[in-house]
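> Take a look at the letters that make up each chain.
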Amino acid sequence: MHVMLNGEPTELPGPMTIAALLERLGIDGRMVAVEYNLTIIKRARYAETTIEPDAEIEIVAFVGGG
Amino acid sequence: MVDPLVIAGRTFTSRIIVGTGKYPSHAVMKAAHEASGTEMVTVAVRRVDLTAKGAGALLEWIDTSHIFILPNTAGCYTADDAVRTARLGREAGLSNWVKLEVIGDQETLFPDTEALVAATRTLVKDGFVVLPYTNDDPIVARKLEDAGAAAVMPLGAPIGSGLGIQNANNLQIIKERAGVPVIVDAGVGTASDAAVAMELGADGVLMNSAIAGASDPPLMAAAMKAAVFAGRLAFLAGRIERKRYATASSPTSGLVTTARRSG
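Chains as they are written, first to last, in the working numbering: chain S, 714 to 779; chain C, -15 to 247.
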C-alpha cells in the first residue's frame, strides 16, 4: 500500500492504524504529533485511525531551535 | 526582590528565555539552561527523521518540571505554514503557546510582518497564546497587540548576528506604548547586549546563538542571567539623564585652596 510519509513515497504492507505505524517505526507516540491528510490526529485516536492508500502522513517532533 | 514576568497570566521569575538549538551536545544545553536560570525554552517542530532512532530525545534533556516549552514556527515563510506548524507544535507539546515566526527573507531572516499579523489573528482565534517574533517597528508591534498577541518580541538585530541592540530608540518606543510584555528576541551577542535591552525597559530577552555558540555555553548562560538581572534592576532604579558636559559629584564649596596674596 502506497502512502506519502514525511514527504517520502513509502510502501506499507497493508491497511494499519496510526498507532500500528508508529510502533512499526519505533516511535513513542507521546513524543510526536501526527498529521493525516492535513488533519491533526489526537493521540487518543491513533489506535482508531486507519491509514488509507495514498494517504499523506506527517510525523513531527521537537528539535533544537531558537 | 519579587519582580515576576507575567505573560498571559503565567508567572515567570526568570526574564530570560533560551533556545535549544546549535549546542555542541544535549548535555551542554542542559547545563546552560540550568546556569541561565531560565523557566522557558524554545523548540522547533520538524519532521521526525525516520531513519534514525530516538525521536523526541530533545525533551529528555529539558527539565519540564520547571521549564516551560515554547514551540516556534521557525523556517516558515507563509502564514499558512506557520499556522500549520503551530498546530502541530500544540499537539506535540500539549500547550497552546507558540513563538510565532513568519520569515520574509532567507538572508536576513527578517519577519514578513504582514503575514505575521495575519497568522497572529488566526492563531489567537484558535485559542493560542501567541508570542510573535517581529522587527523593531512600533507600528507593527501595535498591530500585533491589536491582533491579540500575548507579548511582542522585537528583534535587537538579525537572528544569530550577535550585533546587539541596533535601534534602542525604537525598542524603547515599542515598550512605552505596549500594553503587553515586550521581549527582545534575537541579535544578542554578549552579556552587555542583554543588559542594554533590559535597561531600555524590555520585560525579557530571548536568545539562543549567543549562549549556544559561545566557547563555554554554561558560563555565557551565567553571564546572561547576571546581565538580564542587572539590566532589570537598572531599569527599575531609573537611570540619570545623559548630559554632554560634566557635573561634579563632590561639593564645589569648602575646597582647600592656596590663598591668593595681593600686593
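Heads up, some of the hints might be wrong.
DSBU-like mimics (lysine-lysine), calculated; alpha carbons at most 35 Å apart, straight line [what the hints assert, rightly or not]:
#  : chain 1 : residue 1 : chain 2 : residue 2
1  : C       : 109       : S       : 755
2  : C       : 209       : C       : 14
3  : S       : 755       : C       : 127
4  : C       : 209       : C       : 127
5  : C       : 209       : C       : 6
6  : C       : 209       : C       : 227
7  : C       : 227       : S       : 755
8  : C       : 227       : C       : 109
9  : C       : 127       : C       : 6
10 : S       : 755       : C       : 14
11 : C       : 109       : C       : 127
To be clear, the hints were calculated from the coordinates, so they are not data collected in a lab.
> Each hint should be assessed against the structure and marked as holding or not.
Hint by hint, here is what the structure shows:
Distance hint between residue 109 of chain C and residue 755 of chain S is fulfilled; the C-alpha atoms sit about 20 Å from each other, no more than 35 Å. Distance restraint check for residue 209 of chain C and residue 14 of chain C: the Cα-Cα separation of roughly 15 Å lies within the 35 Å cut-off, and the hinted pair is therefore satisfied. Between residue 755 of chain S and residue 127 of chain C, the direct Cα distance comes to roughly 33 Å. Compliance with the 35 Å bound is thereby established for this hinted pair. With a CA separation close to 31 Å, the supplied pair residue 209 of chain C and residue 127 of chain C stays within the 35 Å bound.
With a CA separation close to 19 Å, the supplied pair residue 209 of chain C and residue 6 of chain C stays within the 35 Å bound. A hinted pair counts as satisfied when its Cα atoms are at most 35 Å apart, and residue 209 of chain C with residue 227 of chain C qualifies at roughly 30 Å. Taking the CA atoms of residue 227 of chain C and residue 755 of chain S, the gap is about 61 Å. The hint is violated against a cut of 35 Å. In summary, the hint linking residue 227 of chain C to residue 109 of chain C is not supported, as the alpha carbons are separated by about 48 Å, beyond the 35 Å threshold.
Note on residue 127 of chain C and residue 6 of chain C: the hinted pairing holds, with a Cα-Cα distance of about 32 Å set against a maximum of 35 Å. For the proposed pair residue 755 of chain S and residue 14 of chain C, the alpha carbon gap of about 30 Å is at most 35 Å, so the pair holds. For the given pair, residue 109 of chain C sits about 15 Å from residue 127 of chain C by alpha-carbon distance, which is consistent with the 35 Å threshold.
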